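Please take these sequences and the hints and turn them into a complete structure.
Quick note, the sequences are listed as chains A and B, same order.
1 is the number of the first residue of the first sequence in this note's numbering; add one for each residue after it.
1 is the number of the first residue of the second sequence in this note's numbering; add one for each residue after it.
To be clear, the hints were calculated from the coordinates, so they are not data collected in a lab.
Note that the structure is a prediction, hence the values are computed from the model and not measured.
There's no promise every hint is true.
Covered stretches of chain B, as calculated for chain A (at least 3 residues, CB under 8 angstroms) [to be verified]:
1) 46 to 60
2) 65 to 72
3) 92 to 102
Label pairs and their calculated CB-CB ranges [unchecked claim]:
4) B/T3 - A/I321: 19 to 29 angstroms
5) B/E381 - A/A383: 27 to 37 angstroms
6) B/Y417 - A/R563: 19 to 29 angstroms
7) B/V421 - A/Y469: 32 to 42 angstroms
8) B/S138 - A/R567: 35 to 45 angstroms
Built from N, CA and C at the ideal position, the CB exists for glycine as well.
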Amino acid sequence: MTDKRFFPRQVVESGGNRWDWALLPLVLALLVLLAWGGTQMARPYQLGEVLPLTLDPNALPYYLLRTTLRMFLALGASLLFACVFAALAAKYRAAERVLVPLLDILQSIPILGFLSITVTGFIALFPGNLFGVECAAIFAIFTSQAWNMAFSLYQSLRTVPPELQEASRVFQLSGWQRFWRLELPFAMPALLWNMMMSMSGGWFFVVASEAIAVSQQSIKLPGIGSYIALAIEQRDLQAIGWAIGAMLVGIVLYDQLFFRPLLAWADKFRFEEGSSDAAPTSWLLTWLRRTERLQPFALRIVALFGRSLTLFRRRHDGTSIRARARPAGAALQRAWDALLAAAVLIALWHLLRFIHTEVGWAEAGHVLVLGSITLLRVLVLTALAALVWVPVGIWIGLNPRWSGRLQGVAQFLAAFPANLMFPVAVLFIVRWKLNPDVWLSPLMVLGTQWYLLFNVIAGASGIPTELRYAAQNLGLSGWLRWRRYLLPAVFPSFVTGAITASGGSWNASIVAEYVTWGDTTLQAKGLGSYIAHMTAIGDFPRIALGIGVMCVFVMGMNHLVWRRLYRLAEDRMHF
Amino acid sequence: MKTLIELKGVGKSFRSADGSARAVLEGVDFRLAEGEIVSLLGQSGSGKSTLLRILAGLIPADAGDVGYRGQPLHGPARGIAMVFQSFALFPWLTVQQNVELGLEARGMAPDERAARALAAIQLIGLAGFEGALPRELSGGMRQRVGIARALVVEPEILLMDEAFSALDVLTGERLREEILALWTSRRMPTKAMLVVSHNIQEAVLMADRVLIFASDPGRVRCQLSVQLPRPRDPDSAEVRQLVDEVYALMTAGTGRRPAGEPAALPLAHRLPQADVSRMDGLLELLADDLFAGHADLPKLAEETELADHELLPLTQGLSLLGLAQLADGDLHLTPLGRRYVDGDHTLRQQLFGQQLLASVPLAAHIRHSLEQEDSGELPQEPFLRLLSDSLDAAEAERVLRTAIEWGRHGEVFEYDYRTGVIRLPEGRQEAAEG
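What follows is the structure, encoded as structure tokens:
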């Protein structure tokens, strides 16, 4: 078989294999780094041993390697999780009923919550080895990456065009073949986009995931996150600067070496007709495609994969009794529903009893009040951010000369972990003796406001040219121009951005309402600081309570506000 | 001749929103024998697409037996392939990979399937495009890929679901001729073809038998045998006469009603999806010197350049409103229609509204209900619910949309899209109150 997918024109035209030689060092270096980093991760380790950690900038490349390795392992795990989850949820209705609400809940649980609960289990899994702790850290990163990928894949699998599904059935594709030939390719663009978002999400919690507190002692795994944690402890602003620099290098590297090539390669999976956007390009992918020696290697893997496709095939067709559809047992389904309802009720009962005995109702009420304060913060700040960024975004979006460039910048800023800027804020607040309840709040949207910006830019640059001309022709100006033309035109993309921004702000509140710099700790009254504080002193029942309440708030917001706005936008305000 | 696939008393119903079953097909008997091409004609919503999907094994029948080579059919069978209206190509696979799909699914070795795919690509006239992605191809080329993909698995039965209707007329005709050439020269392994179409001429040119479907619930209304040698000339007298005959059969009993007789339509009558301005245009054309009030439907189709599935609803709409009359495949302008065409905008609206209230019970019911409200307005939901008692949700929505569009044109009622509220027009509301 000559799989023409990996043989574009360039291959036929390019004569020599200088591309092989150019890529050889890169490939070898990657392999060596992987192997070395891998062995470092699985060193013998006893609980209580202190891992050496220094603020020397020369150690940063090594830390960067370790952190990146962790993040990619987590990303791989997330991908696997997403595939299994989406396949199960999209294929079995019974599974869907449990999995989707479960994911909805998991998604709104802040990452710190997972870490403090799971770390002991992971350490017990690999006794005497560092890998247990590594696993805990990887799991923490996983929890910040997996959910949105799983949701995106599930949504895509549900929306596979019906005529393609019919074609795959008429031509006898088995479930395995359908997944690889139809479902995954169809889901690829959205999945990739979510993978990139997940990587950014991972960076945001890199400090929390690497500096782990377990049984009254803290383990700091070698990595950028621990480096930052140490720098904060020692109030070393210069080291923070170095860490930011290393992180920027890391982001650029994996963007160029990993996501760019993937994006350029995945462009063919775009389902929409017509090419509205310019196809993304990647120098690395072009290089790879021009090599001669690496190509057969890749082709062999593709061929192996192709063999798996022919191996897991459908052995019978529609004339066999096995193809007969089993009638869905109504009784069975009802029993399953009853079982689910019973499980939910029991869980609720246990939860209520737990709250009653462990923390008391007064505390629960207090936490609800704290939640409302944080809710107020999220709403006010999202509104403020919108007030600033919507006009700016529209202005940029309508200027094609700027929009391409600045949209990239905004995406990069969204990927950048804003919590690195927190120490500066602390210094500022302490210096001027400001009220932390007010002045810590802006930190919540520091990282998430960019989602608003680049979505609005995208929306504004997507306004049809005819509409633009019509507005000019009618001489729309002033407030009327905004009310009748610009604001409705960007509304759908604004809602998309605001959903992401407010969701991110809730998660960020745990970090933003409770900021430490050396031995100074600033605290804003709110649900985030409550959870962060309880995590710091290790009070499990209260952590659980705080997380539970935050889940309720986030899910309530999603169902009552965002989904409605989204539906409104979908229904009325699109071109 | 040997029967390949046979349906006996097949029925299919879908559950509507309130859980009641709505029959799409009822008591359909059908057999497809070796060596024949059968065309299926019918209005949209007559269940011909559903029937095709039952034959393809994509959806199970609720009642009756589906047999393929004497065996019951539970799912898609290897010997049955399908060509889709929207091509249904996998956009990320090259032409060759798309064509190989069915072979790969059967576990055929890479070398053999490449050889077969290349042969099929050659046969269908796509040689040189093996490595292209579907998005690089024009519509006609894409459908060629769709056909090659179906032919390469050497199906006994080839199902075509309006395979040429997404193509422009010229491309569609050429592709159809090529398929027929392959068929008559026995260069394709297929033993029988079933072609679902809404183009009457296409059906007559292709088929040995034309089956005409009736709607609500879908069933075979009549069948017509076509025994002309291929290739058939669309301008020949025989073909023209057959086309005429099919037009007459298709429009018979739909909306034909002597003017003046009280409306006997059910409330949830499936209003034809007829655009108001198009109906206006068609009436004007009909009143023109060219037709002078009487038009042969095939000629009208030619003159308006409308496809059959666009033209027929218009004629039904006009006939329903008593502005024109359908008889034996011809459309006649009624005296009322003449007044309508000659009138100015206000008179037209007035006539349209008056006829709407007189002959469309749904419109009359909406109007009547509105007049009983003090505010003169009602949300659309109760009407939708009423319709979905006997129509499925999408169809109910479509019928109400049509009624609203007609009502707006005739100033019988108004509708606010944002709130979904139907209300009496401004002037009349006060009249109703006073």
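Hint check results:
no.: 1; hint: 46 to 60; in the structure: holds (count 5)
no.: 2; hint: 65 to 72; in the structure: holds (count 4)
no.: 3; hint: 92 to 102; in the structure: holds (count 7)
no.: 4; hint: B/T3 - A/I321: 19 to 29 angstroms; in the structure: holds (22 angstroms)
no.: 5; hint: B/E381 - A/A383: 27 to 37 angstroms; in the structure: holds (34 angstroms)
no.: 6; hint: B/Y417 - A/R563: 19 to 29 angstroms; in the structure: holds (21 angstroms)
no.: 7; hint: B/V421 - A/Y469: 32 to 42 angstroms; in the structure: holds (33 angstroms)
no.: 8; hint: B/S138 - A/R567: 35 to 45 angstroms; in the structure: holds (37 angstroms)
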